[in-house]
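2 protein chains.
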Amino acid sequence: MLIGGIEAGGTKFVCAVGDENGNIKNKTTFPTEDPDQTLENVEKFFKQYEIQALGVGTFGPVDLDAKSNTYGTIQKTPKINWQYYPFLQRLKEIFSIPIAMDTDVNAACLGEFTYGAARNADSSLYITVGTGIGAGLVQHGRIFQGKNHSEMGHILIPRHPDDDFKGNCPSHGTCFEGLASGPAIEKRYGKKGHLLAEEAHVWELEAFYLAQAIMSYYVILSPEKIILGGGVMKQEKLYPMVQNKFMDLLNGYLEVKNVKNLIVAPELDDEQGVIGSVMLGLKALEMKA
Amino acid sequence: MLIGGIEAGGTKFVCAVGDENGNIKNKTTFPTEDPDQTLENVEKFFKQYEIQALGVGTFGPVDLDAKSNTYGTIQKTPKINWQYYPFLQRLKEIFSIPIAMDTDVNAACLGEFTYGAARNADSSLYITVGTGIGAGLVQHGRIFQGKNHSEMGHILIPRHPDDDFKGNCPSHGTCFEGLASGPAIEKRYGKKGHLLAEEAHVWELEAFYLAQAIMSYYVILSPEKIILGGGVMKQEKLYPMVQNKFMDLLNGYLEVKNVKNLIVAPELDDEQGVIGSVMLGLKALEMKA
Ligand SMILES: Nc1ncnc2c1ncn2[C@@H]1O[C@H](COP(=O)(O)OP(=O)(O)O)[C@@H](O)[C@H]1O
Ligand SMILES: Nc1ncnc2c1ncn2[C@@H]1O[C@H](COP(=O)(O)OP(=O)(O)O)[C@@H](O)[C@H]1O
Ligand SMILES: [Zn+2]
Ligand SMILES: [Zn+2]
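First to last, the protein sequences are chains A and B.
So for the first sequence, the numbering used here puts the first residue at 162; every next one is plus one.
So for the second sequence, the numbering used here puts the first residue at 162; every next one is plus one.
One should not assume that every hint holds.
Quick list of in silico lysine to any residue cross-link-like pairs, SDA-like style, CA-CA up to 20 angstroms [claimed, not checked]:
#, chain 1, residue 1, chain 2, residue 2
1, B, Lys327, A, Arg320
2, B, Lys186, B, Lys208
3, A, Lys406, B, Asn419
The set of hints was computed from the structure by calculation and includes no laboratory data.
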């Protein structure tokens with residue numbers, strides 16, 4: 162059986178076909194253009210296969226409130242071509258098969274939960290620290306969602322007393338994303354993150370913010386695993402720094418047996434998104450079956 | 162049919178019997194003494210009725226990880242008599258009926274969700290701002306729980322630039338609870354909250370912290386209702402202040418149609434805890450049935 166998965170990102174689309182065990186059979190990547198051109202490329206790729214269902218992990222903001230009449234539609238976004246585009250509805254018109262849509266981070270979380278770093282856990286938070294910061298939660302095999310999907314990157318966290326950067330979130334300035342995303346690092350120091358690899362103070366501050374945010378996520382959600390991914394985490398020295406700072410902040414208030422097993426790296430090498438999307442498709446199929 | 166409910170607080174226990182529609186038939190309150198004396202009082206009250214099941218909303222910290230071998234046991238606490246007391250197990254020995262245990266705030270949340278301010282919502286966060294700060298979440302009729310129960314009062318939030326209070330959380334100093342609980346107000350100003358009613362700046366600051374915390378809860382959990390209860394919220398002027406500050410912080414990032422319907426007061430007049438506990442008991446009965 163073949164299931165389709167789309168990792169729909171703001172700069173590129175990854176389309177894949179996989180089986181019910183999460184094995185990717187084929188995969189293609191193309192740049193995100195205007196919606197019509199992009200969906201034409203999507204259609205062309207999947208027409209080669211007989212897929213039974215499709216899962217989509219998309220960039221956002223996207224309306225995922227099932228009761229809303231803009232369900233599956235991209236919301237207000239700087240990508241003007243995509244603004245108010247009825248993404249899910251268009252896909253349903255093209256493919257007459259079960260389709261499930263969720264956020265990119267929720268799909269990635271589902272991938273790591275099913276086959277990656279959290280495969281033996283009952284609940285898992287997947288945080289991506291890249292161009293933006295986002296996080297998805299899977300619990301007992303199900304993606305967490307309230308009325309709408311989470312926007313966890315926009316929590317408010319304490320400032321470091323020595324940091325006077327104004328933050329770069331267009332809505333909140335110094336929310337977590339505004340202080341700690343890749344572009345925030347670039348704007349604060351005038352250089353991209355990979356060029357700052359040797360500057361210890363850069364990663365001290367970054368780990369400080371990551372630990373603050375994880376502290377809030379942890380006491381709210383109590384996940385069994387916290388997976389930290391995204392471009393900024395290519396600085397692998399961040400992992401032990403974040404683990405230590407998190408334990409300092411928690412200060413024994415809750416028992417964590419081994420923080421090295423709690424805060425971990427992803428294991429699916431940038432494939433968590435498409436694998437999770439295929440898993441989403443599988444869920445869509447089960448729901449309709 | 163009669164179901165028992167216990168609101169087990171650090172200073173007092175409220176025991177009630179109710180029916181499957183949440184109607185409380187009888188209720189008693191006694192101070193929390195050492196565990197044996199307290200459980201004797203509990204037993205005496207419920208012996209008068211033929212209850213089919215029992216629900217308990219307890220103070221904490223309590224181990225609610227079903228896989229743990231101290232499940233249902235009170236954890237490290239300043240209440241030394243209760244520390245490591247196997248609360249759930251003792252209740253099971255006394256009453257040979259289905260028993261469910263959860264946190265006090267989760268029980269209160271379930272009460273408001275079922276019959277109170279969130280009765281028409283699909284997900285609801287109940288925050289209590291009292292001696293401590295805690296919050297519980299109910300979604301699609303189920304209490305949210307990760308590996309263990311949440312400890313939402315201990316999130317980290319930005320300090321107000323003019324506030325140099327050191328905070329009074331024994332573990333984290335200036336976490337949300339350390340900055341904004343009733344005792345934090347008392348320690349910051351040297352007077353209890355109800356004696357500060359006329360001091361506008363006190364409630365400005367309190368609303369500032371409540372809004373910061375709610376902002377983080379909201380983007381993480383996306384609840385349909387946020388119910389603010391507890392002794393500090395007796396200052397009713399806080400509601401509009403918190404609503405306005407929250408909207409300012411959100412800054413249009415997510416659409417909130419009417420904040421007055423989002424951030425609301427409880428509706429069950431200090432009975433949400435016992436009513437929710439009775440609901441917990443009902444769930445225990447259904448699980449065993
Ligand atoms: N080796 C690195 N060290 C630090 N930052 C990096 C590194 N590689 C990429 N980044 C930063 O990560 C961000 C891109 O994140 P990524 O997860 O790859 O993409 P996206 O979030 O757009 O999917 C950029 O801001 C980039 O500067
Ligand atoms: N009218 C009031 N105004 C401000 N604070 C109040 C008021 N009434 C009680 N409080 C504060 O609320 C706290 C008690 O909260 P409460 O929810 O009643 O109890 P608990 O959290 O112990 O269950 C105390 O710190 C008290 O000073
Ligand atoms: Zn933001
Ligand atoms: Zn604390």
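Now the hints, each set against the structure:
no.: 1; hint: B/Lys327 <-> A/Arg320; result: holds, 16 angstroms
no.: 2; hint: B/Lys186 <-> B/Lys208; result: holds, 15 angstroms
no.: 3; hint: A/Lys406 <-> B/Asn419; result: violated, 39 angstroms
The earlier numbered hint that this structure contradicts is number 3, and it is the only one.
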